[in-house]
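Terminal number for the sequence shown in the numbering used here: 1153, no gaps in between.
Keep in mind that the hints were calculated from the coordinates and are not lab data.
In this text, all values refer to a predicted model and were calculated from it rather than measured experimentally.
We put the beta carbon where it would ideally sit given N, CA and C, even for glycine.
Mixed in with the good hints, there may be bad ones.
Okay, derived cross-link-like pairs now, DMTMM-like style, lysine to aspartate or glutamate, Cα gap no bigger than 25 Å in a straight line [said to hold, decoys possible]: (1) K1125 / E967; (2) K1125 / E1069; (3) K1021 / D861; (4) K1021 / E1037; (5) K1021 / E1087; (6) K1144 / E1055; (7) K1144 / D1103; (8) K1144 / D1098; (9) K1093 / E1107; (10) K1021 / E928; (11) K881 / E935; (12) K1144 / D1056; (13) K881 / D869; (14) K1128 / E969; (15) K1125 / E975; (16) K1128 / E992; (17) K1093 / E1143; (18) K881 / D900; (19) K1093 / E1055; (20) K1128 / E1069; (21) K881 / E868; (22) K881 / D902; (23) K1125 / E969; (24) K1128 / E1082; (25) K1125 / D1056; (26) K1125 / E1055; (27) K1021 / E875; (28) K1128 / E1055; (29) K1021 / E868; (30) K1144 / E1082; (31) K1021 / D1103; (32) K1128 / E974; (33) K881 / D861; (34) K1125 / E974; (35) K954 / E992; (36) K1093 / E1037; (37) K1021 / E1137.
Pairwise CB distance ranges, derived in the manner of DEER restraints [said to hold, decoys possible]: (38) G1000 / R1031: 41 to 49 Å; (39) T1046 / D1103: 22 to 30 Å; (40) G1000 / E1107: 44 to 52 Å.
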Amino acid sequence: MINILITGGCGFIGVNLIHYLLENNADVCIRIVDDLSVGSPEDLSQVCEFRPCGKSVPQQWTPGVDLITGNILDHDLAQVACAGANGVVHLAANTGVIPSIENPRRDCEMNVMGTFNYLEGCRINGVKRFVLASSGAPLGEQEPPIHEEMVARPISPYGASKLCGEAYCSAYHGSYGIETTCLRFGNVYGPYSTKKGSVAALFIRQILAGETLTIYGDGTQTRDFIAVEDLAGAIWAALTTPEVGGEAFQIATHREHTVLELAQALKTLAHDLASLDVNLEHAPVRQGEVQRNFSDISKARKILQWSPAIEFRNGLEKTFRWFLNRK
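All chains should be built: construct the whole structure from the sequences, respecting the hints.
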């Protein structure tokens, strides 16, 4: 058996990761710690049956999924929940550039102290694997493709808090030997993203609600869009590949697509799959957002033996169809 603790497991990436783990590992034991502020038990129930534990941590690890309701700022809970784990996947966080600009203190508390608490839980309980969900935000505005050797220059509180989490991961590897791995996710999209605030999911929800799509600036800003199924495979690789402690990896596709290209692709899908007409409008550029962003993923290919498999437009169509089937 393998025992995996996932913080934020009821969120978009969490439920997709759990679906992936259960599909590929019959004897996996999963503990979720989630405060249910974003994800919900109903979201989790779409991919698995689970045992609701309230605020109590089960004494034993058993195959399947246990849901513990709790906040990552509760350091006592972190220490108890990590006991007996083979690995921790830390997904729970304050996410997004704009929320971090609006409330930088909350962003710092959640992303720095939340990460610290679960690293401490690993240290105290002898857990040897820790995977941090990070992003390209610590690198800030740099000429793409971005890669792991670039000097970090965050331009948002979110980027700064994620960089601090990465620094603590490096320190806990160097000081305590924990095999920490930081995965800098691209712009993730896919099924089960009904509450995700990133642009692909937001656009699809707006299309199905009959709303106009708002593009900030001229739409030439680019992102590296990665399907969540590919992302789950990267997390598994980080949990199981030997000798990757203290490393950071760009997890994306090494391709850039403009926000306008995304909007046009979804507009076509809306017409072809649902006979819906979509209108676009432009608004002023938002401060703190990077203009161009895509990743060099050669390090992940070489060391993690991981590569994305889902092509952009195929992934968008699968995601759009999933949303349509929920109507």
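Violated hints, by number in ascending order, as checked against the structure: The structure conflicts with no hint, since it agrees with every one listed earlier.
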